[in-house]
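Visitor: The primary structure of each chain is shown beneath.
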Amino acid sequence: MKNNLSMPVRYVINILSIIFFLVLGNFLLKIGLFGRAQVSTIIQSGIYIILAVSLNIVVGYLGHIPLGQAGFMAIGGYAAAFFWKSGILGGELAFIIGIIIAGISSGLFGFLISMPAFRLNGDYFAIITLAFSEIIRSVLINFPKVTGGAQGLKRIPKYSNFFCVYSIVIIVCTLIHLIMKSKHGRAILSTREDEIASKSCGVNIRRYKIFAFTISAFFTGIAGAVYATNQGIIAPSEYGFMKSVDVLVMVVLGGMGSMIGSITAAAFLASLPLFLQSVMKSFNNYRMIVYSFILIIIMVFKPSGLFGNYDFSFSAILERIINRLFVSKNEKVHENL
Amino acid sequence: MHRFNWLLIFSQFINGLQLGSIYALISLGYSMVYGIIMLLNFAHGDIIMVGGYIALISILNRFGPFISVFFAISGCAVISVLIERLAYRPLRKASKTSLLITAIGVSIFLQNLAQLIFSANGRPFPASSILKNNKMRFGKINVNSVTIITILISIISMLLLVILVHKTKLGKAMRAVSEDLESGQLMGINIDKVISFTFILGSSLAGIASIMFCCQYPLVNPTMGYMIGMKAFIAAVLGGIGSIPGAVVGGFTIGFVEIFVSAIGFSAWIDVAVFAVLIIVLLIRPFGILGRRLTEKV
Amino acid sequence: MKKGSKIFLLVLNLTVFLLLFFACSKKNFKQKEIKIGILMPLSGKNAQFGIAPKNGAKLFVDEYNKNNEFTGIKIKLVIYNDESEIDKSIIGFNSLFDSGVCAIITGAESVTSLATAPVAHDCEMPLILTTASAEAITYDSKSDIFNDNVFRMGFIDSYQGEKMANFANEHLNVKRAASFYCLEDDYSMGLKEAFEKKCKQLNIEMISQDSFSINATDFQSQLAKILAKKPDVLFIPAYYDKVALIAPQAIKIGIDCPLLGCDGWGTVTKLISNSSFLENSYYCSAFSVEDDEEIARYFSESYRKKMNEEANMFSASGYDAAKVLVNAIEKSIFMGFLPENNEFRKVLIDTLKKTDLKCVTGNIVFDEHNNPKKEAVIIKITGGKERFWGRY
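In order, the protein sequence lines correspond to chains A, B and C.
If you use our numbering, the first sequence corresponds to residues 78 to 414, in order.
If you use our numbering, the second sequence corresponds to residues 47 to 344, in order.
If you use our numbering, the third sequence corresponds to residues 656 to 1047, in order.
Simulated from the structure, these hints should not be mistaken for lab results.
Bear in mind that the values here come from a model prediction, so they are computed numbers and not experimental data.
Take these hints with a grain of salt, some might be off.
[Claimed, not checked] Below, a list of computed lysine-lysine pairs in the BS3-like style, where the Cα atoms sit at most 30 Å apart:
| no. | chain 1 | residue 1 | chain 2 | residue 2 |
| --- | --- | --- | --- | --- |
| 1 | C | LYS1029 | C | LYS855 |
| 2 | A | LYS162 | C | LYS797 |
| 3 | B | LYS142 | A | LYS320 |
| 4 | A | LYS107 | C | LYS690 |
| 5 | C | LYS855 | A | LYS222 |
| 6 | A | LYS320 | C | LYS700 |
| 7 | C | LYS960 | C | LYS721 |
| 8 | B | LYS215 | B | LYS239 |
| 9 | C | LYS1013 | C | LYS721 |
Given these sequences and hints, build the entire structure.
Guide: Shown next, in the form of structure tokens:
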């Protein structure tokens, strides 16, 4: 008989490991083990992790490719920046409220955009989301009195540090995980597998597509807000098609449908430029060529990416370890019969 | 209130025709490829950039104008077929998302490769080596000879294309494959050859468009294909993707929309206007002006 | 600083101290290496604005090191490519900081410099901007924030815009002006606003202001409108790649008034299909290859020899930035401060403030907002070439 870890135990294990990770990370950063560049790269990776796991909802779990994530980042970033710069509140509270405002604004736009967008299939869906993203960018540029125009918004208060950013990363991942475990998540997955079959089983396809896209936009907006506060300045020029492609490469590389894949690929690709600066100075010249090449190679040879569909469970791994160590020989023999 | 300046309006109309004819040539490529293998060839716009650079290098190396144009057009065709063989053919049975991602990858790869080889700065295109740009006067109206030639060549190319598709055996095969790929195979059509030929045709037209574009706007840079390609794709969707006359209609419409928006003073909103056209079309009539409604079989 | 670096520097310090003690009697000794960072876009769409100043700075540093083998100061450049992106600029800044640079030459573009300036301000790292022109990088008048650690070698937007308006008024007798600018480019917008403000003060009527999109290649409809208004001069504050497309279309439509430009016009004659389209245009710049001042001539020649390409405003700014910085470093060291001290950067900032140095692009003295007080160079395009018209 296999030993299964019961759910309460799993929760405790997960919460403890999260707390351990946060405290350890914070401590290591505080004692100056990492230089400034490494710290900012680590925080940057956190932002891209949030971006990748949110895009993964639509690309991986839902099975559609949007190309407009940069637009939602922009909305989130600008919304939060407006709130923070208005000075209504200060400190940690302002940070949290700003993030929520960013998420809600992006989510709202995601909702509005998804309604027309999901009337179309794959390729058209991609182009229409790209069109909306470019329109958002044009609007941000063309009203300089409000949005700062091409120069963007400056002097955004800087709230980001390791603890803040990674707490958000963990909360976002947890939320997404919980959603996907629920019946809503299963509905989304079934939509990916076979639309017509799940429709005939009573799943309201359209509602779940809009739902998935909206929450993806929500979390992308949050990432955009953290991005804004990390940099202190945002400008429309950063939110172009290439930014959306950057995140898409992370999700594809990690494996469409795997959260751990998105996390790993995002962390890896976000820190790659810093790694390589010391080894190969001119890597940045070749970066996009390498990325696009990776994209093509993966699609041709291993479309499932690094992790495929696999989703990580710390508890499952612990389970296996416990079973291997403590299950007696008799029971093992019985299992094999 | 503005008084109507008829001269201005007419010259804008000619501009619209010229821009529209370039878009039409390019959107034909999108339409044909989509009609055959249901692939949105993201990289099609960048083929234009490739054509421009090939022509540029050829002229700088003192090959004559005709040879340079020939090199450019055949270069576009060759690269297009290479892309099809290496990136799209292995994925013919794969999901649409894989194809889309691959196409995006190819587009970005081409752009960045060009940036690496030629640097991101633009390079001047020696348009006068290819076409002498004379001002021609019709009464009070000034028109460039390049404009006239662009319009003429585009119309001729489209007519030739229509003849090819409707009057030749290969054209018949193309039409058959775009109706139903598997039935076409059953009928003994060599799918690979037909698809390759479609790509060659589409990119040759893009090559011609590229030369025309560079003669009018004599600057090549690695990202020139992105926006033109995007707008030409929108033109193809507007006209009805998969439909050859649709692509032409769409191309001219988008050309006129651009010139119109710019003429009424909203030049900063041209891109938004074109994207808005796309969104409206996709919502109201997704199969375009001249397209056919497709139903999905279970 | 990391622990390892601290120990290493301590040892180096001791070694240098001992060696300096014996300096006079020895010919070969270990030089103190002082690191200067270069944070520029070296790839991507703005690479030309970053590679040229990097080359200019490198030229100066190589010259300096060669001529100063015995003073005990050796300058080492640490280069980071920021790809014109804000997030990479900030990481680049931090990476250079970690490498132990005492100052950073940056400022190829305004947007990234606006992002790094506050970060540098917080840790008191001197920044020298080569050509970035947004005013707020040094001093933002709207919010009264002064980044006193940032020093600028080039012009601010308002300076150029005003200068061209003055020039048009004084030398071209302009009464009616038009502007054609790029809405999506903060540089273009800044210049256009300054130009128009100054024109108003000089009683020049702004009869037309049209904009174009950054991706546009066809400008005929806007140019036709401008033509209809018949301006005395057309101000086009844009980069040379756009000007190379705009000017031919303008001439073909029939615009025959002089065209005025800004420092972004540099090398436009190389890109345009036929330079006669720009006959009798003027633009202002920081440098001209034809400048016959000895220091400028020397720079142009050595740049051409070493880098195999013609010098331009960007490489000259990079050269001057390095010169001003190294001069300040020298002075600080001779005042008794060593680069390993934590206060060195602060001392460097104070020394930089007092700069008064003759450089390629003019005599560099900083005003109260760390912007340079120097004249501009007016370039006239005639006979297909960009010719030095004079200082103004």
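Visitor: For every hint, state whether the structure bears it out.
Guide: Cross-check of the supplied hints:
1. C:LYS1029 to C:LYS855: 24 Å, holds
2. A:LYS162 to C:LYS797: 14 Å, holds
3. B:LYS142 to A:LYS320: At roughly 22 Å apart (the allowed maximum being 30 Å), LYS320 of chain A and LYS142 of chain B satisfy the hint.
4. A:LYS107 to C:LYS690: With Cα atoms ~26 Å apart, LYS107 of chain A and LYS690 of chain C stay inside 30 Å; holds.
5. C:LYS855 to A:LYS222: Judged against 30 Å, a Cα distance of about 21 Å means the pair holds.
6. A:LYS320 to C:LYS700: 15 Å, holds
7. C:LYS960 to C:LYS721: With a Cα-Cα distance of about 16 Å, the restraint between LYS960 of chain C and LYS721 of chain C holds, given a limit of 30 Å.
8. B:LYS215 to B:LYS239: Roughly 13 Å between the alpha carbons, so the hint for LYS215 of chain B and LYS239 of chain B holds.
9. C:LYS1013 to C:LYS721: 20 Å, holds
Of the numbered hints listed earlier, not one is contradicted by the structure.
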